[in-house]
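Peer 1: The lines below spell out each chain.
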Amino acid sequence: MASPAILLILIFLIVPFVLAFGLSFTNQRLLSPNPTEFVGMRNFEQLLGMGVLKLEPLPAPDEQVEGSDPEYPPLRNFTRNNPDYPHLNGMREWFSIPWGQDRVFVLAQDVLFIKALVNTVLFVAIVAPLQGGLALLLALMINQKLPGINIFRTIYFLPVVISIVVVSLLFRFIYDGNNGLLNTLLGYASFGAFKPVDWLGRTDTALAAIIGASIWQAVGFHMVIWLSGLQTIPVSLYEAADIDGATHLQKFRYVTWPGLRNTAVLILIVITIQAFSVFAQINLMTRGGPLDSTQTLVFQVVARGYEKQDIAGGSAISVLMFVFVLCISLAQRYLTRSKD
Amino acid sequence: MDDSLTARREERMKRLLLATAIVAAALMNSSSFAATELTMWYHGAGGDAGLNPEERNGVLSVIDEFNSSQSDWVVKLESFPRAVYNDSVTAAALAGNLPDILDVDGPNMPNWAWSGYMQPLPLTDEDIANFLPGPIGKWQGKLYSIGLWDSAVAIFARKSILDEFGIRIPTLDQPWTGDEFNAALESLKASGKFEYPIDMGTAWTGEWYPYAFSPFLQSFGGDIVDRTTYKTAQNVLNGPEAIAFGEWWQNLFTSKLAPGTSQDPGDRATGFIEGKYALSWNGNWQALPAVEKFGDDLLFLPAPDFGHGSKIGAASWQFGISSTSKHPDGAAAFIKFAIQDKFLVRFSDLGGFIPARKTAAEQSVNYKPGAPLEVFFGLSEKQGFVRPVTPGYVVDARVFEKAVADIANGADVVDTLDAAADEIDADIERNNGYGF
Chain H
6 MASPAILLIL IFLIVPFVLA FGLSFTNQRL LSPNPTEFVG MRNFEQLLGM
56 GVLKLEPLPA PDEQVEGSDP EYPPLRNFTR NNPDYPHLNG MREWFSIPWG
106 QDRVFVLAQD VLFIKALVNT VLFVAIVAPL QGGLALLLAL MINQKLPGIN
156 IFRTIYFLPV VISIVVVSLL FRFIYDGNNG LLNTLLGYAS FGAFKPVDWL
206 GRTDTALAAI IGASIWQAVG FHMVIWLSGL QTIPVSLYEA ADIDGATHLQ
256 KFRYVTWPGL RNTAVLILIV ITIQAFSVFA QINLMTRGGP LDSTQTLVFQ
306 VVARGYEKQD IAGGSAISVL MFVFVLCISL AQRYLTRSKD
Chain G
345 MDDSLTARRE ERMKRLLLAT AIVAAALMNS SSFAATELTM WYHGAGGDAG
395 LNPEERNGVL SVIDEFNSSQ SDWVVKLESF PRAVYNDSVT AAALAGNLPD
445 ILDVDGPNMP NWAWSGYMQP LPLTDEDIAN FLPGPIGKWQ GKLYSIGLWD
495 SAVAIFARKS ILDEFGIRIP TLDQPWTGDE FNAALESLKA SGKFEYPIDM
545 GTAWTGEWYP YAFSPFLQSF GGDIVDRTTY KTAQNVLNGP EAIAFGEWWQ
595 NLFTSKLAPG TSQDPGDRAT GFIEGKYALS WNGNWQALPA VEKFGDDLLF
645 LPAPDFGHGS KIGAASWQFG ISSTSKHPDG AAAFIKFAIQ DKFLVRFSDL
695 GGFIPARKTA AEQSVNYKPG APLEVFFGLS EKQGFVRPVT PGYVVDARVF
745 EKAVADIANG ADVVDTLDAA ADEIDADIER NNGYGF
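Going down the list, the sequences are from chains H and G. When the letters of the first sequence are read in order and numbered with this note's numbering, they come out as residues 6 to 345. When the letters of the second sequence are read in order and numbered with this note's numbering, they come out as residues 345 to 780.
Heads up, some of the hints might be wrong.
Just so you have them, the derived chain G footprint on chain H, three or more residues with Cβ under 8 Å [what the hints assert, rightly or not]:
#, region
1, 35 to 49
2, 133 to 142
3, 292 to 302
Simulated from the structure, these hints should not be mistaken for laboratory data. C-beta: ideal position from N, C-alpha, C; glycine also.
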């Protein structure tokens, strides 16, 4: 009975995973006449290598204005072929923090990977609660027995049916920096006081813009799952609550929410896993830019493994990603376990 | 009951035998009398919006004429959407299923040749005499691929606007200097009549970046990789010339002289025609709509010279023979047939491509002397400069693309170029020098 399913799981899940795991310890290229060599942990060391460097400010020039920021020696003096700092060779600055008069620079062997990791975690941390919460709100709204409610159900579900590719291209127009829909709308709403913002072209708004588009596209799907959860709660419980004189809030708190417990766990885990693999929006809207502010793990897997033909490097990232997602899902499962 | 069943079985058996015999006869017939089949793969499957449909029609017409011109070979075309064409070739190579004739994007050819997908193309120097440099696909002294056309990039401009602002009209022999170009942009910006003085086409991510922007770097005196050894990018991609390029490039965007990387693709397509941009750094394949709109007012200007000559990218899609082809002689015969002047002219007239050979250009509607796009042939001939000829180019191109995008977005020029040079060096090392 289950054999076709097992076969498919084997072909599309187990085999690729085992391959990726194996390749991540080699220097395999997508195309190359050179033989594949086993390189041990080198790919992982490359990805995760970090260093710290504390620098004293350069002596201030005489004409320096009072209160201006002190200057520090350029990092490339330490990270490029400096025999005194062999452990920092090839590293780049990730961020730096002031340390009294000095400044501590946190360096990474692969800043791009670290940035992609941070962005992905940020994306998941924002999307999972926001999308889940919004979907619940929509589900509660369309769960009422009103005339024509099916029209609203259809409208909220529509974006799910549209391909993410189309959604991404549409949002590129919406977010356009000069005459995009969003800028025009905000301009009208503020009677022209609003200055147009290049949403996808600024490091401080690009990721937020992509998060907005992603939630808009996917929220309807989770709304339907919440809705199915809502409809499994027996009406008799609400009737009993009415007789007890419960308010709307109390009904939600003591009847609806406990009844949705399993749905909530499912939705949280599904959104987390989906959000971790964010790729299409990034690829079509920003390609990781501007200045790596929208780099994500899967985008890096494709950029390296496929576009740069470094299939071993891409595999190493996907293996690390598998470990992260597994840990987070297990932690979520543990934290949301039923305590009775 | 039993009898009728047996009879029916016999009847079925007889029919099956007959059918087998017919099929076998047909097969023998085709193998003994008909010509040998050559398969050819091509990147322009129908429905690709970015592709000129005339290119596909041109390829089909060459195949038809080749097939009817002789009886030894029959070329059969298989088309793939451009977006997955390279994937298909890679997959086929891994599975040992390559066709006889391959279509390859010029700068990718060394990678395929090095990976062992292609074999040298047996054409003589005479066959490719008078060719533009771009369509000749040579790697390590051997010819692997040949193109029927080339593409070129120019600054699209309007004479009326340049005259209005007193900007000198540059010529092939006397292009703008870097300073002249910058001054022109500044005065166009100061007028306040345009959203941006020039449109670089930053909306076109992908191969456009190295194709269109690395010639600026080369004009400054830098390069993507050191072409004397092809073993390092240090001091060429992050040397003083490259840093000068990076600072100039960054200034285009910080001073709002050109739209940044978040440019809307719609603006790229129509911004110059609608008058949003005064100038546009654009390709010959986009020239005809602008010619229609502005007519004689339209100018195609050569790239500015930043000190080491004015340069533009060269090499487009080309044809070659796969390494596993059992009939390289047939494949070579087809390619030799296809590069006749009459076909180069036909491609050019149908799709606006630059004919690969001078004698063909002189007969073509758009590129003959006095024709609207003639200047592009001169640009290709004089300034065309191929992208680095190394198997590592496929990686170098992506590294360069990211570096110029980051610099445009305000990244530190020196750090970004250092990181790009390091990444290219690390890749060369991982690949044992790519055969150099």
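Peer 1: Indicate, hint by hint, whether the structure satisfies it.
Peer 2: How the hints compare with the structure:
| no. | hint | in the structure |
| --- | --- | --- |
| 1 | 35 to 49 | holds (count 5) |
| 2 | 133 to 142 | violated (count 0) |
| 3 | 292 to 302 | holds (count 6) |
Hint 2 from the list above is the single one not met by this structure.
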